[in-house]
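Trainee: Given next are the chains, with one letter for each unit.
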Amino acid sequence: MTALSLTINGRAIGPIEVRDDLSMNDFLREVLGMTGTKFGCGAAQCLSCAVIVDEDGVSSTRPTCIAPAVDFDGLSIRTVEGHAAGGALTPLQVSFIEHFAFQCGYCTPGFLNEGQVLLERLARDPIPRAELERTITEALDGHLCRCSGYVKYHEAVRAVVLADAGRYLT
Amino acid sequence: MKWSAAGGIALSLSRFAGAQTPSFLDRETLPGQGVAHPSAGRVDGVAKVTGAKLYASDFRAVDLPGWPSDTHHALLLRAPDATHVYEGLALDGLAADARPQVVVTAEEVARIGVRVPAFYEGDLFCPIGKTPLYLGQPVALLLFATFDAYDRARVFLRDNAHLRFGAETGPVAGGNYGAFRFTRVAGASPEAPDVYSPIQEGWIRPGFFEGSGRPVWEPLPVAEGGDYVKGARFGEQIRAELDKPGAGTLVLDRRFETQSIDPMFLEPETGLAWYEPGAKKLEILLGVQSPFEAAEALAHLLGEAAADFRPARIDAQFCYVGGGFGGRDHTPFPLYMALAALFFPGKPVRLAHDRFQQFQGGIKRHAFKMRSRIGIDRASGLMTAFAADHELDGGGLANYSPSVAVVGATAAIGMYDVPKVDVTTVALHSRGVTAGSMRGYGTLQTMTALEVLVDEAAAALPIDPIELRRRNALKVGGRTMTGNPYSVSVRAPEILDKLDAHAIWRDRAAQKARARPGVLVGTGVACASKDYGTGADCSLGSVSIDAEGRIAIHSDAVEMGNGIGTALANRVAGHLGGRADAVTVAQVDVFDELELIKSGDPYSITQEEQDKAAANPRWVPEISSATSASIGAHVGTHAAAEAARVLFRFGLWPAALAIWGIAAHDPRAKQHAEAYWQGETLVMSGLSPLPLKAIAAKLHAMGGVTGAMAHAFSRWAWAQATFDIGGDEWTADIDALALRRGAGGFERLDRRAVAFPPADYNRIGTSFSSMCGTVVRIEIERATGKLTIAKAYSVLECGQALVPEIVLGQSQGGFAMGVGYALLENLPLYEDGPGNGQWNLGRYVVARASDLPLHDLEVEILPPLSPREPPKGMAEVVMIPVVPALINAICDATGHRFQSLPVTPEMIKGVLA
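Quick mapping for you: the protein sequence lines, in order, are chains A and B.
FYI, numbering that gives the first Met the number 0 numbers position 73 of the first sequence as 72, with every residue one higher than the one before it.
FYI, numbering that gives the first Met the number 0 numbers position 627 of the second sequence as 626, with every residue one higher than the one before it.
Derived from the structure by calculation, the hints contain no laboratory data.
It should be emphasised that the depicted structure is a prediction, and the values quoted were computed from it without experimental measurement.
Virtual Cβ for every residue (Gly too), placed ideally from N, Cα, C.
Fair warning: there could be bad hints in the mix.
To be clear about the criterion: a stretch of chain A counts as covered by chain B if any three or more of its residues have a C-beta under 8 Å from a C-beta of chain B, and this derived list gives those stretches [to be verified]:
# : region
1 : 1-13
2 : 19-30
3 : 81-88
4 : 115-128
Short derived list, chain B residues pointing at chain A, Cβ under 8 Å [claimed, not checked]:
# : residue
5 : Gly50
6 : Asp150
7 : Arg354
8 : Gln811
9 : Phe814
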């Protein structure tokens with residue numbers, strides 16, 4: 000057992016004693032009751048379980064289904080529950096809804112986290128317009144969606160970028 | 000709900016009265032309570048982008064008011080072997096902190112006296128001393144006090160080493176699940192009656208079977224299910240003609256095989272249940288496509304169980320579903336969930352498949368083996384005859400196999416008008432994982448074989464592939480294989496014209512000529528005509544409005560991504576002006592006031608039985624349907640739409656008249672059909688526009704009709720009934736109605752007359768169909784066989800698109816699933832397949848974004864022919880033509896026509912060597 004402390008959506012959690020082999024996904028879902036982060040495969044193949052990890056001012060996503068919870072000790076993470084601050088949806092959340100990006104919605108938390116990380120990366124390092132579609136495809140490609148065919152997810156992310164082109168594009 | 004007292008157990012869905020924790024129903028009622036929503040989008044959009052608890056896998060005991068707070072856990076162990084005697088479970092190796100508190104096996108289940116519902120016939124658990132019926136058959140249910148113990152055991156037991164098997168027996172033999180023959184010989188002209196057809200003569204089945212379960216199709220003088228001999232003789236004549244065609248007839252004889260695949264919905268099957276022995280109440284929470292069936296199956300299972308295991312009441316609650324695609328329609332999972340709770344009395348238990356378990360135990364798509372023969376007159380290009388033989392592997396339990404066999408067989412001539420058709424089909428038992436419903440439902444397999452065959456015929460004649468299809472396309476009024484016409488629009492010519500005119504098709508030769516060095520370019524086209532509905536489809540819906548003008552909708556349809564909640568809101572808004580503030584789906588308990596009863600089987604009931612039963616104004620042929628067979632738009636929204644019509648006509652309209660001061664004798668009082676909504680304002684020529692809110696306030700002040708609840712039934716036509724509403728006669732496509740006045744409760748109205756569709760309509764294969772065509776351009780890297788889809792175009796017709804964005808999204812999703820089926824997905828059927836418990840994503844490959852032409856996929860949805868054309872089913876048809884179009888494109892690029900799926904880069908490379 001290990002005492003685990005971390006920050007989730009800006010809130011300090013822990014220390015909580017957890018089994019060393021407890022997955023981060025089960026820590027979120029079973030221990031904390033935060034079921035917004037989904038379980039899809041347990042093999043880091045579908046990424047419906049991905050959360051955002053903020054380290055040294057840089058954000059990235061990480062699957063939680065095969066990673067031990069203790070690997071997240073001391074880290075600051077964001078989950079789907081943390082995007083809408085004070086009840087106000089983020090531009091990406093609004094865009095997902097307005098574009099009908101998802102259908103069953105089970106993969107949505109993973110896509111939302113990945114899309115948000117991409118937006119934050121583009122805000123730091125804008126790209127030329129011509130590279131936008133390829134960049135979105137590369138960023139989201141690890142995520143599986145069985146319902147939507149991915150098109151509307153991509154359109155939704157692109158719409159957020161183009162709506163604030165001065166921020167995200169060179 | 001009082002819809003069943005199966006086994007004397009009351010079935011219902013109770014509402015929780017928790018004050019602090021939101022009730023289950025509150026959580027599942029969308030668009031939710033006071034959350035700011037974007038102006039566009041799905042009604043469940045906010046919940047899904049904020050991680051709200053929606054799915055069965057999200058709930059724990061602590062989330063449910065009134066439940067004990069601790070969740071316990073269940074683990075279902077399944078057999079990875081179906082050719083050796085099962086000798087039991089050895090849990091010695093389990094660490095002390097991973098031990099289950101309870102182990103449930105066949106022995107315990109037999110002792111309590113459960114009854115397996117007929118649909119799931121077979122041992123729920125393989126008993127010791129027997130060979131498992133199929134790979135993945137459950138052998139034990141382990142119940143754990145803590146998540147940690149469960150989790151440790153789950154991982155430790157995954158390698159199957161704890162399951163003991165003895166002597167080799169080979170697979171357990173079993174009869175076939177269903178064998179049918181569909182034969183039609185058309186008359187001399189399109190107008191003439193058929194010489195022979197299933198709708199005239201009845202469906203036929205062979206009477207003799209080999210030891211393997213395969214039928215003897217030759218017309219021996221013994222049969223069942225109608226006059227087999229007569230039909231089979233016509234069928235054999237057709238085959239004889241195809242065996243010896245004249246010089247003017249092209250005959251192609253081909254075999255085609257399709258693979259088993261997994262629906263791969265992202266949320267594995269999960270449930271939560273609590274058996275309270277004191278109150279003898281079983282509460283269960285599930286995510287299925289068939290909630291009514293699941294509740295009835297549970298009641299049957301436990302109806303005659305021993306006293307300690309027989310609930311007096313089952314409260315079943317149904318969640319949003321994380322993908323379905325048919326794989327959650329009639330799944331045995333709920334039975335195991337209930338047993339877990341009953342064997343752990345007083346403790347809430349969660350049963351959740353992980354992905355390995357979902358592959359091992361979840362319903363699969365049938366693998367088909369098909370032989371197809373087609374005869375085409377060389378001069379005219381007209382199809383003269385078609386004969387086919389289908390064998391599908393149903394796996395270990397019958398499930399929907401007989402039905403999939405029928406639907407696949409009756410789709411075998413796709414969108415074409417063929418005067419002589421003979422198709423045999425048999426669904427075989429095997430030791431494979433059970434196959435059942437999945438998007439396409441047999442037609443994906445048979446129409447893929449057909450469209451690949453038609454493409455080859457076009458090349459052989461030679462006739463342009465689209466022109467060949469155009470010459471043979473079924474026209475409106477033309478007869479299908481069963482001898483009946485479609486009773487909906489038939490738009491094949493428009494679809495073909497669209498494909499023909501599209502740049503991908505027009506430029507195919509130029510694109511091929513411009514191929515880069517080392518790259519082969521090919522273009523392929525295909526079409527599909529897909530049935531929707533099952534021939535016994537039901538809809539339950541209620542719509543009510545409060546004094547503030549807020550609209551609430553309840554429906555029994557299930558939201559699995561299909562957008563049914565949004566479609567309900569949009570369809571009701573067409574009648575009431577306002578978009579609903581609350582839409583609750585997957586409800587089967589909130590329609591008690593209709594007091595519905597049913598008897599008999601809607602598919603096999605006789606006319607006499609139906610007429611007799613229908614005399615009872617509460618009787619309907621079936622109460623609630625699964626959300627499947629592409630019925631979401633057509634059926635799922637129907638009852639709510641009809642309820643909304645009643646609410647407008649007998650509630651809002653009289654209130655509006657009162658505000659306008661129009662008396663009952665004024666001619667304008669009858670002109671409700673002339674009024675229309677502009678947003679939430681009712682407009683009537685010559686009168687002041689009225690806001691919905693003002694009308695609703697007046698309506699409540701008057702104590703008028705503030706809510707309507709309806710049931711509808713379709714057997715290829717809607718049942719129609721007449722009601723007396725306040726002295727006015729109201730006839731509509733519903734068979735039961737209840738009204739609410741003011742703030743009161745719903746009260747049932749007896750129908751004055753009813754006309755159910757004739758029982759003979761059960762001979763119809765399908766009467767409802769939608770069409771779709773696809774053209775694709777692919778590029779193949781010659782050195783590796785790697786295939787890239789460069790561009791694609793699909794065109795479909797689906798009547799009125801209730802939510803066009805969702806129709807588009809489903810089309811794009813269908814395209815992706817079609818690509819996966821054609822090129823990527825494959826499950827070995829037996830020992831190396833998912834039944835061994837070792838399969839997961841990574842090994843099983845589904846389409847990712849990079850496999851698709853994301854920015855070069857064009858979907859065109861044809862507008863309805865008339866504003867009155869109702870919505871048609873479209874969720875399945877959009878997937879089908881993608882598959883044969885890809886195979887045809889590969890042939891165009893490589894010259895090789897593959898006759899099995901999936902076509903992998905290795906296979907392509909192999910034919911290019």
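Trainee: Each of the hints needs a verdict: does it hold here or not?
Mentor: How the hints compare with the structure:
With 0 residues carrying a beta carbon less than 8 Å from a beta carbon of chain B, the region 1-13 of chain A misses the three-residue requirement, and the given coverage is violated. A stretch counts as covered by a chain when three or more of its residues have a beta carbon under 8 Å from one of that chain; for the region 19-30 of chain A and chain B the count is 4, and the coverage holds. For the region 81-88 of chain A, the assignment as covered by chain B holds, since 5 residues bring a beta-carbon within under 8 Å of that chain's beta-carbons and 3 suffice. For the region 115-128 of chain A, the proposed coverage by chain B is not satisfied: 0 residues have a C-beta within less than 8 Å of a C-beta in that chain, short of the threshold of three.
Interface hint at Gly50(B): satisfied, since its Cβ lies 2 Å from the closest Cβ of chain A, which is below the 8 Å cut-off. Because the closest C-beta pair between Asp150(B) and chain A is about 7 Å apart, less than 8 Å, the hint holds. Interface hint at Arg354(B): satisfied, since its Cβ lies 4 Å from the closest Cβ of chain A, which is below the 8 Å cut-off. Proximity of Gln811(B) to chain A holds as hinted, the smallest CB-CB distance being about 3 Å (cut-off 8 Å).
Annotation: interface hint on Phe814(B) holds; nearest CB of chain A at approximately 5 Å, less than 8 Å.
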